[in-house]
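Modelling step: build the complete structure from the supplied sequences, incorporating the hints.
Residue numbers (our numbering), protein chains in the order written: chain A, 1093 to 1557; chain B, 1093 to 1557.
Take every hint as true, because none was put in to throw you off.
Put simply, identical chains are the same to the list, so a pair is met inside one copy or across any two.
Taking lysine to any residue pairs in the SDA-like style, the calculated list, with each CA pair at most 25 angstroms apart, reads:
hint	residue 1	residue 2
1	K1473	E1527
2	K1198	K1330
3	K1153	E1344
4	K1118	A1249
5	K1398	N1250
Since the hints were made in silico from the structure, they are not lab data.
Source: prediction; values computed, not measured.
There are 2 protein chains.
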Amino acid sequence: MKKLLILSLLISTALCAQSEDEIQVKKIYDAALLNGQSYQWLDYLSNSIGGRLSGSKNAEKAVKWGEKELKDLGLDKVWLQPVMVPKWERGNPEEAHIASSSGNVKVPICALGGSIATAKNGLTAEVIEVKGFEELEGLGEEKVKGKIVFYNRPMQANLINTFQAYGGCVNQRYAGAMEAAKYGAVGVIVRSMSLSMDDLPHTGSMSYGETPVSKRIPAAAISTNGAELLSKMLKEDKKTRFYFKQNCEQFEDVLSYNVIGQITGSEFPNEIMVVGGHLDSWDLGDGSHDDGAGVVQSMEVLRLFKKTGYRPKRTIRVVLFMNEENGLRGGRKYAEVAKEKGEKHIFALESDAGGFTPRGFSFDCNDANFAQVERWRPLFKPYLIHFFEKGGSGADIGPLKDENIVLAGLRPDSQRYFDHHHAANDTFDAVHKRELELGAATMTALVYLFDKYGTVQNIKAKIKG
Amino acid sequence: MKKLLILSLLISTALCAQSEDEIQVKKIYDAALLNGQSYQWLDYLSNSIGGRLSGSKNAEKAVKWGEKELKDLGLDKVWLQPVMVPKWERGNPEEAHIASSSGNVKVPICALGGSIATAKNGLTAEVIEVKGFEELEGLGEEKVKGKIVFYNRPMQANLINTFQAYGGCVNQRYAGAMEAAKYGAVGVIVRSMSLSMDDLPHTGSMSYGETPVSKRIPAAAISTNGAELLSKMLKEDKKTRFYFKQNCEQFEDVLSYNVIGQITGSEFPNEIMVVGGHLDSWDLGDGSHDDGAGVVQSMEVLRLFKKTGYRPKRTIRVVLFMNEENGLRGGRKYAEVAKEKGEKHIFALESDAGGFTPRGFSFDCNDANFAQVERWRPLFKPYLIHFFEKGGSGADIGPLKDENIVLAGLRPDSQRYFDHHHAANDTFDAVHKRELELGAATMTALVYLFDKYGTVQNIKAKIKG
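Given below as structure tokens:
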């Protein structure tokens, strides 16, 4: 009976208020498209600050900028949450060439984030090409020792969701060095995680895992065109040698911050909803798609509530997380503090998949909450938002996961994302104003609905109460 | 009872064959994404041929290229369909400035397609700004005579479908000159049909309607930034004068061609399905999105059938229409010849809305056929194709319309389209390989389904028979 009551309550609130919701959602989209702020914010973050790797001067600047902009919005509370973050620096531009009998051919590479440097004069060795760890294991120490391991498993072009193609390759980048080191390799070159054939190397985080310091080997990414060329030259001559030089360095951890602002709920101030993206970025581009877009869209959510005159019932927090790219320290710190304080988080949404045309959301939640979301579908149809699936959410909000929270991730069109991801062309000009604004509006509409209706757990608790 | 029979036949064929269809659709997408040809074709059409306005040398080259490529595909039949087309030339680059007390400010303009030239030394006059024809009528001859009418109604940014925003403005471009001439205006300047604020003027067709030759006035488009500036300067000084010079010219009609290729149906060769785009383009860019994309996607449909080993039951024709932009002569000719020959067309699909990520289709058909399409939705879901709505199809296939045909238009993401439409930046680099290929695959999947199941009219006719 109680179940039936809950169900009918859910359905009736959904049905009766439909037209009020339609009006509010339209207001949100209109405000985002006619008087949006996200694009102008991104212009500043990308073009006046630029790439902002954790621990860098630019990351500090971004923290100050975020704090100031949130204060200017007139939120109820804005604060910085201290967090220690790793500091890694690329150093001088990397150099690399393929050495063959007919001369040296320069190829574009970049050090992977977290990698050690090569010797001062660089590293030259023969190359062994593999498509993955099983193949590497099969070759064993005999074939690998003293060589550079070249991971060349491409992203699968026939997967429609490019994140799935990325997921199928990224272990080469993340764990390639620790695996190759087991067999005595002296260095690692990884094909860039991109579906585009071009001359841009894509960086990204890597880990040495449990590899002792003395056994760590340098790791770099090579452009997709470079990878094709190297593979071709290896087929022609197995003795082809590769040279690369990088002088990147890992420093002591430094103090940084998550930037947080909130509108305190008018009815249920202790029920917290988070919307966020990550403020840090890789250093090669200006981090416009990853994740400048998510940062400004999240800020825009709170601005749009104010602009449309909607006073939230629950507390809405924007969190600009630090250090998603190479440590996730910000996301972990936020969850840790929330737990310490006994804060009740009911919903968290992250935008960290690029600033392209939004298609919908992925939800990490129970069936009852997903069923509620499904009932909201018609509200999104006029805005061509159609993708509502169960799945992952966002790295930064992941640590908040428990049985009482709904986690969600914005899912924009993914076709162009990995052309730019972690590369020098992740820049402002690759973000389209309307696409960015539509993403912000779509996020705001979802937060509005969770604010108004709560999660199924909330409703149950209130009925019990 | 007959109705029930038809319904159950439709449903059972849809259900039973689902898994066969799923397999074929997957084959189509895999072939398009792993071994597609559309992007390479577009590279040639855009970069080796370029902009190809009807009647131009490049349009001739494009016809020859299309014919050769279709022949190379090993189709059952390839031919050229003669059609007389208008020939208009832009001539020398246009010039324009806003003349104010503090000096002349240059602004980017371009002649509208079909416009007459200004006098050799250009045209200078005071400007009257309007937002539309009603406002113009209200002003009347007294306020308009001797002036340049400046149409400055912008596209509405809060419309999600940018084609709708375009539809709400384009009468200014198409009919602006004939309306202004009624009140004695001496020239027309139209705000470019774009949602982007930039320095690119966007051309497009205009008509003088019934305006006698002696009363025709020159018409040009001004960039959106130029329009904003002109409007601002007019607010400051109503006496602000505008100067522009263009020496475009309309010539006698010339002979051109629709390029047609077909795979003849194995079971129902007399049931014809058309897939097409238009081969002509405006002259400022290279016409990559409008409509190079539609041309190569349509060619790719037939290539994908061959590559996936699917032998169509019905006749599938690719038609590369000539002269969509400024006359629609190719589309009209194709329909006229089809009628003369008594050909039975059951389905036609056009791609002429850009090469961006496909979202679905718009259908111009009866309810029964639309219901059939709706039942195919699940087949498209894995490819994020969700948009199936009744509406328009494509200009070139419009003349085929009768009660027995299903007309459809591919509907890609529209957010970026009008940034490029008819402007100098409609170029190859603005087309994304995967997005283009996904469009071709999506079209192929739909043609496959119509080939396999026919239209509801077909099925009824067969049951009656």
